[in-house]
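Chains as they are written, first to last, in my numbering: chain A, 1 to 154; chain B, 1 to 154; chain C, 1 to 456; chain D, 1 to 456.
It cannot be assumed that every hint is accurate.
Said to hold, decoys possible - PhoX-like, lysine-lysine: derived pairs with alpha carbons at most 25 Å apart: (1) K408(C) to K146(D); (2) K237(D) to K146(D); (3) K217(D) to K346(D); (4) K411(C) to K408(D); (5) K146(D) to K411(C); (6) K133(A) to K154(A); (7) K146(D) to K217(D); (8) K146(C) to K201(C).
These aren't lab readings, by the way, just hints derived from the structure by calculation.
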Amino acid sequence: MLDIRKLKELVRLMVANDLTELDLRDSEEQVTLRRHRLNHAPPLDAGPALEAEAPSPRDTAAARTAASATIAASGLTKIASPMVGTFYAAASPDGAPFVTAGSVVEPDTVVCLVEAMKIFNEIKAECSGTVEKVLVKNGDAIEFGEPLFLIRPK
Amino acid sequence: MLDIRKLKELVRLMVANDLTELDLRDSEEQVTLRRHRLNHAPPLDAGPALEAEAPSPRDTAAARTAASATIAASGLTKIASPMVGTFYAAASPDGAPFVTAGSVVEPDTVVCLVEAMKIFNEIKAECSGTVEKVLVKNGDAIEFGEPLFLIRPK
Amino acid sequence: MFSRILIANRGEIALRIIRAARELGVETVCVYSEADREGPWLEFADRTICIGPAPSSESYLRIDRIISAAEIANVDAIHPGYGFLAENAHFAEVCRDCHIEFIGPSPEAMGLLGDKLSCRQMATRTRTPIFPGSKDPIKSQDDAVKLASEIGYPVIVKASAGGGGRGMRIAHNEAALRSGISAASKEAEAAFGNGAVYLEKFLEDARHVEIQVLGDKRGNVLQLFDRDCTSQRRHQKLVEEAPAPGVDPKKREAVAKSAAEMIRRAGYAGAATVEFLMDRDQNFYMLEVNTRVQVEHPVTEMVTGIDIVKETIRIAAGEPLPLKQREVTLRGHSIECRINAEDPDKGFIPQPGLITEFSPPGGPGVRLDTHVRAGYRIPSAYDSLIGKLIVHGADREEAIARMRGALKEFKIAPIKTTIPLHRRLMDERQFTDADFDIHYIERLLKSDNSDVAQKV
Amino acid sequence: MFSRILIANRGEIALRIIRAARELGVETVCVYSEADREGPWLEFADRTICIGPAPSSESYLRIDRIISAAEIANVDAIHPGYGFLAENAHFAEVCRDCHIEFIGPSPEAMGLLGDKLSCRQMATRTRTPIFPGSKDPIKSQDDAVKLASEIGYPVIVKASAGGGGRGMRIAHNEAALRSGISAASKEAEAAFGNGAVYLEKFLEDARHVEIQVLGDKRGNVLQLFDRDCTSQRRHQKLVEEAPAPGVDPKKREAVAKSAAEMIRRAGYAGAATVEFLMDRDQNFYMLEVNTRVQVEHPVTEMVTGIDIVKETIRIAAGEPLPLKQREVTLRGHSIECRINAEDPDKGFIPQPGLITEFSPPGGPGVRLDTHVRAGYRIPSAYDSLIGKLIVHGADREEAIARMRGALKEFKIAPIKTTIPLHRRLMDERQFTDADFDIHYIERLLKSDNSDVAQKV
């Protein structure tokens, strides 16, 4: 049975604390209240660079956040860039890419190069699995934390 | 049984339209949602000067709004000032007041004088009943719409 | 100095007067209508008094209620702002009768300059340039037709008591003149209670340039240079700037001097604006005198450093003007954009309603005069002006660049405003080159196949 | 002029630089940390690049990441703002090596004036007044004790590479001096990677007055008069104003001239501030030179009409200074209050968190430089400065009255800020009379039996 006073209290709590979602469940009933604010998207967690919900670049944040939700659900992991620079899929302009969709990676597998300040940095997978998708193109400028690959874990 | 989708829709409606209160009832249940805003009290109706929920002065608006809620419940009516000026309870400094608590008034009964620009204006009850309370003191400066008397209608 | 004044106005100008009085150590009493009960400016007044319901005819225009409020609040003076009772000589007279100082000119000076015909006569004496036209009200259509053929068409019929575009008719020929006279006279009778109209030469292709003047009660006057208000829509100013771009300094000086002399001879104490049209050859022709503070006064404040609203209070309190004419100097350039709650896509109809998002611009050279904020509900009873965005820069180019940036930052939602129109104007060659006349905005809007919002 | 610059900073100064660049037609690229992902200023940049996680050591202080961002965004120049890498000569060198213009002085000029000891030596040559003290770093405690007994106690031990109050120790006697030297040296080593300290005469009872200078790449310099920053708490400025009240015009002129000459001889291009202490007899003693734009630059902009941040960009692009010294004039008086998200009731601890209500002040002479708004969450990783409220008035009295009014209007909730403290300061006799020294705020706070909030 839904307790009205409790609900009211939760609504007051919601408004006072600027919550965006409230779940209320009892044996018979469940109420979800969401309150979207105009000026402020919910803050994203500032977690480590490599994780399922890695922060995505600002300009496409909404789209990519939506994408990553699917990803989390589908059990995929991202490899995110640990630095700012230029993405290179292969060791030389004519060479074969380090990995492509379907490649199997181990934590030590080099998946790409990121050039920063004329230095080419080898980026390792740091996880095990199969490359599901390459998210950036050869020569793309990439930000810190930008997702580069989707990996289906072993 | 409480319909969740309906509730959600109502909450969205509430936020989108800046509503301050929402009542939801079904056979078993009643939910009241109130939403107090930070900068903005709910607008009062700009009705005629004489009515049960006449606007109250700004500086004590909260207190008087609370009071008028009780009044509405208790079935009392207000006589509000139709002008800005100075309140006089009696026709002369030493005279008896036009009305006091317990006086019976008819629509044409003069209840007080309001002086504005050196002119003394007779204020009539414009309702029938018994004076429950005199809300202002002799010589008080009064605003437009300020409640002067509480009347218990016949 | 006064110890307490009453502000017989609302919105941004009420707040502007509160700010001025507060800095002078003067208490403020704000009257308000029921529709303005939640007006954010009322928070900053020392006292507020409700004077009536929403319609201004029952509140802000009710002389008796305002005077009663002034008496119960025991104020020394009343500031009328602009609009409402600001140019009502009867109100100024009632104030005087009640021994309350009216912050503005005497009823006599107001009457002399506020009536367009007697003002033309004053201007003639001080060699302030005027249009060729009637010396007296039009007595018959035949007389008017005769005069029009002398000065040449087009001519304009104007209400002697008018202002703001009401009671005006333009005539390109005799038939239009005859019908225009009766139409304008009827409109003037309805709007101002005075049907007197007169005739002037009409300029098709002109800029609006005006001179700001201050006069004190000791016979001193100061001219605070000029403003350009050419950017108008249906006679309503949208963008104003100071100084007027590209005006020959000698012409500016001569016109400003004659305008100040006219104000001095009228025995005028307070802020006055002498409005002119200026043709392509920079000949000036006086339009009218506004006997109050103008909406666009801030641009003059920005370039002269003089607080015009404070001065109106000081002058009314009997203080002398703080500077000599030679001490008034111009620095840089200032532009004001009027932010109106109007929908440019729907013929600029007013947009009352709740403001849920209000993100003002900021930074160097940016000033915002507004009474609104997030959570404020714009009432439908009054003017659609919700704010004035003013910028100051070292020169006109910097001021325009600054205004572009400020307009980019300024966000108001969900109501529609003139912000997108202003963003567009700041990029229009006619504006940036000051190669414009008072009809250019209307021409721009007409030339759009689609609405403004799509273009910006 | 540059076509695109990178802003290696955050918060209000990042927004200030965006505004300046936008008016110059220069595109901006803002780097940001993960904690600043929702920073409102990023909306106004043409491009944004995330460079790392919240700690500034992993983002705003990472030279490699900032340079990488500059390279992928293909910018012409980097503006460092203040703090972070602004006074890092190595960063300026890396920029030069990478053919990216550093918007600020050359590494050589920065090193020369940024190091306090070599700066003292420069000052001696241009007769810029300095404190009696060491010519070289302290080699032994015994040498220092000998020097201190010559110049007299109290003395202050300062880090040669220091700034902002870190690496400083005051000594009233020999024992305190000996312990102070080792403590200051350790602190300086930790904070700046350079443990060199030196000794100066210490002034107990002084005002902080500083001179703003601009130098271009063609050997021209301009001094933009002085600022007073006496209102401090723990060496952190709280209120700044221009010009410094009550300073003898001849002394002001002489000090400003010598400061400008020092900047010129250093071959310095950009904005520099020469800081002084001033004693009761208006003798000046140089403290240090800040080789970057200052937090308090707006007060100088308000009184001179010169946009200092725009000038730093123009100077770096090789443009000459726009004015001659004689064309720089003062108009009026300006005051800035730093709005910090700190709780004055709890020892000024920073108050990160969500801002739900943000109602800024407005009107004539009011400028607000802020990057925050309602809905913004202040991150805990950075400085507590959330805005600068700046006013301009015809004189100091008007400026103070205006600041009082603006502070009254300014509402930020629910986080605590320095606004109540500023409201109080504007009414303090010591401030209003400018009868103060750099410790007066601390004395005021100590003398309270209760907290500030109760008093205001």
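A quick look at each hint next to the structure:
no.: 1; hint: K408(C) to K146(D); in the structure: violated (62 Å)
no.: 2; hint: K237(D) to K146(D); in the structure: violated (33 Å)
no.: 3; hint: K217(D) to K346(D); in the structure: violated (47 Å)
no.: 4; hint: K411(C) to K408(D); in the structure: holds (24 Å)
no.: 5; hint: K146(D) to K411(C); in the structure: violated (64 Å)
no.: 6; hint: K133(A) to K154(A); in the structure: holds (15 Å)
no.: 7; hint: K146(D) to K217(D); in the structure: violated (43 Å)
no.: 8; hint: K146(C) to K201(C); in the structure: holds (13 Å)
The structure does not agree with the numbered hints 1, 2, 3, 5 and 7 stated previously, though it agrees with the rest.
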